[in-house]
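Residue numbers (the numbering used here), protein chains in the order written: chain W, 1 to 244; chain Z, 245 to 303; chain X, 304 to 556.
Hints should not be assumed to be uniformly reliable.
Said to hold, decoys possible - One side of the interface only, derived from the structure: several residues of chain X facing chain Z at Cβ under 10 Å:
1) 313
2) 314
3) 339
4) 345
5) 347
6) 354
7) 358
8) 527
9) 537
10) 543
11) 546
Everything labelled a hint here was simulated from the structure, so no lab data went into it. Cβ coordinates follow ideal geometry from the N, Cα and C atoms, glycine included.
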Amino acid sequence: MNTAAPVPAPASLADSALPAGGIFAALRWSLVRDLKVAMRSRSELGVQLLFYIIVVSLFPLASNPERTLLAAIGPGVLWVAALLASLLSLPRLFAGDYGDGTLEQIALSPHPLEALVSGKILAHWLTAGLPVTLLAPLLGIQYAMDGESLAVLAAALLIGTPILSLLGGIGAALTLGLRGGGSLLALLILPLYVPVLIFGAGAVEAVRAGLGATANLSLLGAGLLVAMVGAPFAAAAAVRIALD
Amino acid sequence: MEFLAMGGYGYYVWGSYGMTALVLALELVSLRARRGRAVAHLRAGGLDHPAAPLAEVLR
Amino acid sequence: MAASNKYKLSSPAAFYPVAGRMIPWFGASAAVLAAIGLWIGLWLAPTDFAQGDAYRIIFIHVPAAWMSMFIYLVMAFWSALGLGFNTRLSAMMAQSLAPTGALMTLIALFTGSLWGRPTWGTYWAWDARMTSELILLFLYLGIIALRNAIDDPRRADRACAVLSLVGAINVPIIYFSVRWWNTLHQGSSVSLSAAPRMAAVMLAGMLILAFAAWFYTIAVALCRVRVIMLERESGSGWVSELFALNIVHLKKA
Chain W
1 MNTAAPVPAP ASLADSALPA GGIFAALRWS LVRDLKVAMR SRSELGVQLL FYIIVVSLFP
61 LASNPERTLL AAIGPGVLWV AALLASLLSL PRLFAGDYGD GTLEQIALSP HPLEALVSGK
121 ILAHWLTAGL PVTLLAPLLG IQYAMDGESL AVLAAALLIG TPILSLLGGI GAALTLGLRG
181 GGSLLALLIL PLYVPVLIFG AGAVEAVRAG LGATANLSLL GAGLLVAMVG APFAAAAAVR
241 IALD
Chain Z
245 MEFLAMGGYG YYVWGSYGMT ALVLALELVS LRARRGRAVA HLRAGGLDHP AAPLAEVLR
Chain X
304 MAASNKYKLS SPAAFYPVAG RMIPWFGASA AVLAAIGLWI GLWLAPTDFA QGDAYRIIFI
364 HVPAAWMSMF IYLVMAFWSA LGLGFNTRLS AMMAQSLAPT GALMTLIALF TGSLWGRPTW
424 GTYWAWDARM TSELILLFLY LGIIALRNAI DDPRRADRAC AVLSLVGAIN VPIIYFSVRW
484 WNTLHQGSSV SLSAAPRMAA VMLAGMLILA FAAWFYTIAV ALCRVRVIML ERESGSGWVS
544 ELFALNIVHL KKA
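Construct the complete structure from the given sequences, taking the supplied hints into account.
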């Protein structure tokens, strides 16, 4: 790696030069850049959403379209599918930039890598987690869920899917450039997703049981705070390890 | 005989103990084989070709 | 042992022979303790009046479950040390503990399920402890798989260290979440009060077997770390020196 000689920037970097300012400028820069890159491959985003819809639609066919059963398994199915959709879209978080050498330049920039990685993770959530969250209530109707359940489901996904992107960022960085990356990523990350799944699906379950979703949603919120503080550091460390 | 029957729970008790013994034995055997491979590799000069099987050199 | 010696020990070359001298002691202690513990557990301890002889499974189940969690903690500790101080030996220790940890988890799951069948009437219950143990097994397997997927050992060390530490933070959260989930679904929860009241002799047997498992783990981990050193440091001077000496020994014998 030669830092002294000016390296011609790849096309994707040339879009917007790295800003001079502090942490938030860096975060904003990588967020905007990744959103632009994502918008260039809109069809890929569409396919990932279709994957979510199809997985959700398979469960009634595999079990039983009876309404009470559907309402009972609905929250779990929608959450498991959200986990899988997040997992499916994780490789594009770093892999493209890793492949064309942009990631190395980003890591060499004077800006804190943690902020740049946070921007990428936020962009990932906006293009993967948020669409799933918005779509879920619609799919929930297919599962005969009532209005309150649908609202709680959307709230839980809104708090929970950012955690998926944050934890997934660590796994995506750890598996950069490795053989069998996709299934390895699943093995590394899905066990870490378990608490999110439990509290997320549990929130809707609690409403159905008449307990109220506050406890579950607060626990998810606490998890989100912890992940927001810790995960960028772990993901940035993992990026540095992969680039060494 | 009564000892082996374990009050009718022989299948579960001996299944547990037997499986544990088996798994631990497998770990030891595979560790020994791994050590043999490493030693053979070193004896072959650390080159990347399979060396002739070798008795335990290092005890 | 003086502090300066301890510092020197952190190099593989110095640790290799020391580990070699320690292995027989730990191995022999493990064997003796296991023999005593098995004799107490299978022979001396009286039949439990509620569970019959099926309870004798917990003499290996509980030590294995303890070790599965304890090894993860030790592994995370070595990982943190290796990541913080960039020491090769700590990373090798972490690497050598992972397979034994996974094995202990597997034993805990298997024996737990064989204990559950006569006691709870089912091989598998989505009980909080069993579920957490299953996820712990996945964590171990993930770390081992990540190690195997990376060719450069130094990158593998650091990547596995990050994963182990993230997992270590997650393990309590996972356990808490699974318990939370378990209490919500009363139907599938199984009370652990089915476990027998511990008579002194039972407790003694279990503790002795726990120590046996502990010493076994130390012995195997030291054995494995020596093999890892041979695999990874094959190019370095001390390994070739070691081999030159041993070949001379072999010829004399």
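So, going through the hints one by one against the coordinates:
Proximity of residue 313 (chain X) to chain Z is violated relative to the hint, the smallest CB-CB distance being about 22 Å (cut-off 10 Å). Checking residue 314 (chain X) against chain Z: minimum C-beta separation of about 19 Å lies over 10 Å; hint violated. Evaluation of the residue 339 (chain X) hint against chain Z yields a violated restraint, the C-beta minimum of about 15 Å exceeding 10 Å. Restraint check, residue 345 (chain X) versus chain Z: the minimum CB separation of about 8 Å is within 10 Å; hint holds.
With its C-beta approaching chain Z no nearer than about 12 Å, residue 347 (chain X) sits outside the 10 Å limit, and its interface hint is violated. Restraint check, residue 354 (chain X) versus chain Z: the minimum CB separation of about 8 Å is within 10 Å; hint holds. Look at residue 358 (chain X): its Cβ gets to within about 9 Å of chain Z, closer than 10 Å, so that hint holds up. A cut of 10 Å between beta carbons decides the hint on residue 527 (chain X): the least distance to chain Z is about 6 Å, and the hint holds.
Using the Cβ-Cβ criterion of 10 Å, the hint placing residue 537 (chain X) at the interface with chain Z is satisfied: the shortest such distance is roughly 5 Å. With a cut of 10 Å, the hint placing residue 543 (chain X) at the interface with chain Z holds, because the nearest CB-to-CB distance is about 8 Å. Below 10 Å, beta-carbon pairs count as interface contacts, and residue 546 (chain X) has one with chain Z at about 6 Å; its hint therefore holds.
When held up to the earlier numbered hints, the structure conflicts with 1, 2, 3, 5 and fits the remainder.
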